[in-house]
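K.L.:
Sequence:
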Amino acid sequence: MVTGSQSSELLRWIPLLPLFGAVLHGVLLGLFRRPLPRMAVVTVSCGTVILAFLASVAAFAELLAQPPESRVLVDELYSWIGAGRFHAEASLLLDPLSAVMILVVTGVGALIHVYSIGYMDDDHRDDRGFQRFFCYLNLFTFSMLMLVLGDNLLVLFLGWEGVGLCSYLLIGFWYADEWNAYCGSKAFLVNRIGDFAFLLGIFVLFAALADAGHPTVAFREIAVHLG
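For the sequence shown, my numbering begins at 2 and goes up steadily by one.
Derived by calculation from the structure, the hints in this document are not laboratory data. Backbone N, C-alpha and C define an ideal beta-carbon position, used for all residues, glycine too. Just to be clear, a hint being listed does not mean it is correct.
Here are the simulated distance ranges between beta carbons [unchecked claim]:
#: 1; residue 1: 124; residue 2: 179; range: 13 to 23 Å
#: 2; residue 1: 225; residue 2: 202; range: 14 to 24 Å
#: 3; residue 1: 80; residue 2: 7; range: 16 to 26 Å
#: 4; residue 1: 162; residue 2: 17; range: 16 to 26 Å
#: 5; residue 1: 68; residue 2: 33; range: 23 to 33 Å
#: 6; residue 1: 123; residue 2: 213; range: 29 to 39 Å
#: 7; residue 1: 186; residue 2: 28; range: 34 to 44 Å
#: 8; residue 1: 67; residue 2: 162; range: 26 to 36 Å
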């Protein structure tokens, strides 16, 4: 671990809370075909994001309590990939920039979830569509948090892919409408262009670091070797 960073297991709960909501909705709808009542859906979806916001506030306060020169919190979940000298950890990193971003993501995300209660009130189909919409919202929030908190390029890329997938699912939610289906497909294809450029950048950066004897995708190590 780079000198100056502190370990904090609080970070993992920030993305895990909305992920729990998404998984719960997905399991009930996909495996058991049992949609929850709308009030229960709202309670789970909005509650998990509000709790994630409170956890973000606590993490922000913990970060501010650190000395200014070492305001970095790290939560290493497990060793993800290891091959020779290359290692990629499934870990999260909070610095002053990402601390502001998680407050924005969870704070604005919570408001969007609350707004969506009224937005979806006009959807008079069965409750499965209502629950599916909030499942996508929870998954979108989780993906954005992984994008912001990822400690390396691989975690960042997975968050990016999740955001792209959820954008497609939400834009094309009312897929029976031809225009909505078209817009969802268009967003999906445009995001694939970004994916290609993103992956190309990762490969070029990794190749340059590997040639210099530092095969890594971790942001803290990249900053050291490129600084």
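K.L.:
For every hint, state whether the structure bears it out.
P.N.:
To see whether the hints hold, each was checked on the structure:
no.	hint	result
1	124 / 179: 13 to 23 Å	18 Å, holds
2	225 / 202: 14 to 24 Å	19 Å, holds
3	80 / 7: 16 to 26 Å	20 Å, holds
4	162 / 17: 16 to 26 Å	18 Å, holds
5	68 / 33: 23 to 33 Å	50 Å, violated
6	123 / 213: 29 to 39 Å	57 Å, violated
7	186 / 28: 34 to 44 Å	27 Å, violated
8	67 / 162: 26 to 36 Å	31 Å, holds
Violated hints, listed in ascending order, are 5, 6 and 7; each of the other numbered hints is respected by the structure.
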